[in-house]
Amino acid sequence: MQNENNIPKKNPLSLQMDLSKFQLATEEEKAQQDVMSESTTFFKDGMRKLMKNPLAVGSIIVLVLVILLATFGPMVVPYGYDEMISIDGRRDKRAKNLAPFTWSETEQKYIDEGGELFPHILGTDELCRDYFVRVLYGTRVSLLVGLFASLIVLVIGLLYGSISGYVGGKADLIMMRIVDIIYSLPDMLMVILLSVVLKETLGPAIKGTVFDKIGTNMLSLFLVFGFLYWVSMARLVRGQILSVKENEYILAARAIGTKPGRIIRKHILPNCISVIIISTALQIPSAIFTESFLSFLGLGVQAPMPSLGSLANAAREGLQSYPYKLVFPAVMICLIVLAFNLLGDGLRDAFDPKLRR
Amino acid sequence: MAKYVVKRVLLAFVTVFIICAITFFAMNAIPGGPFNTEKALSPDVKAVLMERYNLDKPVGTQFVLYLQNLIHGDFGVSLKTGREISTIISDAASISARLGGMAAVIAIICGIVLGSFAALMRNKLPDRLIIFFSTLGAAVPSFVLATLLLLVFCIQLKWFPVWSSRDPSYVLPVIALSLYPMAYITRLTKTSMLDALSQDYVRTARAKGVPQWKVIFKHGLRNALIPVITYVGPMVAYILTGSLVVENIFTIGGLGTQMVDGITNRDYPLIMATTIFLAILMVAMNLISDLIYKLVDPRITFK
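Those sequence lines, one after another, are chains A and B.
Going by my numbering, the first sequence opens with residue 1, and the numbers climb by one from there.
Going by my numbering, the second sequence opens with residue 358, and the numbers climb by one from there.
Calculated from the structure, these hints are not laboratory results.
Hints should not be assumed to be uniformly reliable.
In the PhoX-like style, the derived pairs of lysine-lysine whose C-alpha atoms are separated by at most 25 Å in a straight line are [what the hints assert, rightly or not]:
(1) A:170 x B:360
(2) A:170 x B:364
(3) A:199 x B:437
(4) B:575 x B:651
(5) A:52 x A:21
(6) B:481 x A:52
(7) A:49 x B:481
(8) A:266 x A:44
For reference, chain A alone in the conformation it holds in the complex (with noise of 0.2 Å):
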């Protein structure tokens, strides 16, 4: 026989303890005794520490907020980046250079006489266009530069260094040479030479496909990211593959039969996924530095599309009248710039065990 809880009546003669006696502990007591704190994974641990960091936080939020205004300020701004201003359809000539927030004499006289115009927030430049809308639209460019290229760098680099480390033996030898030339080239003549051939080569090549709606000179910034960039990535890639290749589960995998492809796939790689990530974010920067220095060199993106070296090295020509005008990209390339290094410092300490202390 058994009372409410469960606990069966005790023998009389039993030497046993009655338990009846005694009171079921409640769930708060249990999780009293529970010393054990939440189980938290690698992933959560790091984003944890990262949220804790005020300058990581501070860069998310600036990134995120760039990325925003990039993205969808072109659309509530009604100019276009290689539009001319003209007010009733006819073009507006006077409105050239001008400082932020004023209005040309043509659109003063328009909005005298009751009609609503969009401030130009920068100005507009030489060529009558407005200022802050180039801002924007070289500030979307510079950043899917940074991105795509990074991407590029990432993929080759993964799967070049990831059989190059798997495989080892003579293989390995050979794709090892073959990185350690690439990676003493020197990169910045390389990617001036190469920017230069393929601007001219690819147009005749793409004309008519996909590719020419993106414009040569970007996909040839691609492709010189593509061949020159990847090689660290490949070292590192190997480096971590090395390391792990060693541990006993990756030994159990292959005893049962396991094929490569599946071992890299995953094992090896979910267990250097953070540094993979946390060098792809310090790639960003260092490609968006790269894309505004050839653009200053009038290598980078095709006119009229802007981008943010470009109109900076636009703005030199008449930087003694209008100063703001190298200002405001500058700034813009240097927040990007500093918020994504900035992160990638976050994410490095956050999440890179060998600093942890």
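Given the coordinates of chain A, assemble chain B onto it according to the supplied hints.
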């Protein structure tokens, strides 16, 4: 050791050769030649010119011929101006070397001093300030800095004259060029100095009563400088490429300007010569900094 050096030197030669080959075939793949610009030349004149400079032969043959001349120390003449390439290069290189050399020295000295100072003042105001400015400095592209310096100090305040070959003023270009490597070296020195000062041998030295300055210089700094040495190779590469833009902005006729001019004019011998010169310099600097790195740190073994 000897085996490692031989291997690295061989690899360096292979690298320079590959750069030569890539540059040669790449520049020949750019449409248009040195003689198709501006005024159209008559076909006869053009044919004579093409023959004189071997441009009528297939690209492969041209490459072999170029290499043969190169081994004899003959860089050819500029297709645009007719000047000897070797004089152009040596003129331009002397300017670039002065500019780059000063920038490198300033970056290294200031970077190490600031970095060690920040490490010794850890978490105090000077440390915070130094790290703040070096983080900021690493995010400003050299062309922005150079343009702003030119605008403020040359044009507005007139503290420094605008560059001319007769009266060269290196101050502003050197500042523009050295800021980024200086910021990098500062941060590098700070981390490695902190690391070195927390080692057991530093505690032992302090316990023995070694004077503070001796601990800092002999035990701390000497070990902290090892990672800085590895950065010297990449830094030279950065300064050389950075000088492309800085020279452009300050209108200095150094190597970078020559290279960009060469590319826009399709001046093949000039492109080749500048690329080879810069490539050799970079590869050599990388090699030297790697070798010094292995020499100064006995903990690194040769494989």
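Taking the hints in turn, this is what the structure says about them:
A hinted pair counts as satisfied when its Cα atoms are at most 25 Å apart, and residue 170 of chain A with residue 360 of chain B qualifies at roughly 20 Å. For the hint pairing residue 170 of chain A with residue 364 of chain B, the CA-to-CA distance comes to about 17 Å; that is within 25 Å, so the pair holds. For the hint linking residue 199 of chain A to residue 437 of chain B, the alpha-carbon distance of about 23 Å falls within 25 Å, and the restraint holds. Distance restraint check for residue 575 of chain B and residue 651 of chain B: the Cα-Cα separation of roughly 19 Å lies within the 25 Å cut-off, and the hinted pair is therefore satisfied.
Among the hinted pairs, residue 52 of chain A with residue 21 of chain A is inconsistent with the structure: their alpha-carbon atoms are about 49 Å apart, more than 25 Å. Taking the CA atoms of residue 481 of chain B and residue 52 of chain A, the gap is about 21 Å. The hint holds against a cut of 25 Å. Among the hinted pairs, residue 49 of chain A with residue 481 of chain B is consistent with the structure: their alpha-carbon atoms are about 24 Å apart, no more than 25 Å. Between the alpha carbons of residue 266 of chain A and residue 44 of chain A the distance comes to roughly 20 Å, so the proposed pair stays at or under 25 Å and holds.
When the structure is compared with the earlier hints, a violation turns up for hint 5 alone.
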